[in-house]
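Chains as they are written, first to last, in numbering that gives the first Met the number 0: chain A, 0 to 184; chain B, 0 to 121.
These aren't lab readings, by the way, just hints derived from the structure by calculation.
Bear in mind that the values here come from a model prediction, so they are computed numbers and not experimental data.
There may be inaccurate statements among the hints.
[To be verified] Derived DSBU-like pairs: lysine-lysine, alpha-carbon spacing no greater than 35 Å straight-line:
| hint | chain 1 | residue 1 | chain 2 | residue 2 |
| --- | --- | --- | --- | --- |
| 1 | A | K86 | B | K48 |
| 2 | A | K4 | B | K95 |
| 3 | B | K101 | A | K13 |
[As the list claims (entries may be wrong)] Covered stretches of chain B, as calculated for chain A (at least 3 residues, CB under 8 Å):
| hint | region |
| --- | --- |
| 4 | 20-31 |
| 5 | 47-55 |
| 6 | 77-89 |
[Stated by the list, open to error] A few chain B positions that, by computed beta-carbon distances, are all more than 12 Å from chain A:
| hint | residue |
| --- | --- |
| 7 | F6 |
| 8 | V14 |
| 9 | R40 |
| 10 | N43 |
| 11 | E60 |
| 12 | K63 |
| 13 | F93 |
| 14 | K95 |
| 15 | M96 |
| 16 | Y100 |
| 17 | I103 |
| 18 | G106 |
In this text, a Cβ means the ideal position worked out from N, Cα and C, and glycines have one as well.
For reference, the chains in residue letters:
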Amino acid sequence: MNYSKEEYVKIFMKNIFASRRNKRRIKEDITQRIEASMEEDPFYNLYEQMGDPVEVAEEFMENLENSGGVSVVTIGISSSNKSYEYKSKTTIFGIPLVHVNVGGRFRTSVAKGIVAIGDVSIGVVAIGGVAFGLFTIGGIAIGALAIGGVAIGGVAIGGVAIGGIAIGAVAIGIIKVFGEILFLF
Amino acid sequence: MKKMEDFKKQFKKGVVELVILKLLDEKDQYGYAIMQKLNTRSGNNIELKDGTLYPILYRLEDHKYIESYWHTEEDSRSKPRKYYKITKGGKIRFSKMYSDYKDINDGIKKILRSSRGEENEL
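So here's chain A without its partners, still in its complex pose:
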């Protein structure tokens, strides 16, 4: 397997999640590094000599993070470096039955499916950092039935619950089940 310089840099940069300044200097350096090696050896195989661009980017990110050079805000349900995506072949009205999409430590990935699990998830059943749908579980869950740290919905169950029926430490709703601070509409 081999990549052209442009392909390699494109894939590599897609997996770099850093400030604009860091991204700019990383792109400059990696492009120039490839050019220098190709000047020495026109048949330089980027994949074999430098490694898989995704893995090289992951190593970059790990070391950048250790140097305090990463300044990205992510919503995530995975603490792993690597991202993961699964999309079932079965679809209903063109929407995948199951879509799992978690972005790893540095990326926020969106899952859209009948059953959706992701950093941000949108589905009939949605589970994620932020979940939107009919039945939702998440850090922030918004749905007909929402369960989460912050839950907003018809029936909301959570630390902070806002809904028609709100169950939570802080409950805001028409019918509140319990709550330390209560608001009634």
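Model the placement of chain B on the given structure of chain A, informed by the hints.
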């Protein structure tokens, strides 16, 4: 075997900043040249990958121990390259690190060469 690799990796992490500053103290260099020189001059014992070298260079640059500038070599058809240059602060940092490294190295040597008998004599 994996644990030994981890040991080497951790040990290398600790000293790689020192050897990069040493190379830049000798001459301004671009990233790929630093990587090649580290490999050849260490007898391939300190092989650095791109993902390790550049974040260290950025950290050194952010702390103002090194600076970067673009330069095209004269009489060369090659493209402009980003060179890294050690600063005054970097030279001070290098001297301090080198001195600390020698102290630690001496200490380790003493421990590894000493025997239990010597300890009992104390």
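- prompt: Of the numbered hints stated previously, which ones are contradicted by the structure, given in increasing order?
  reply: The structure conflicts with hints 2, 3, 11, although it agrees with all the remaining ones.
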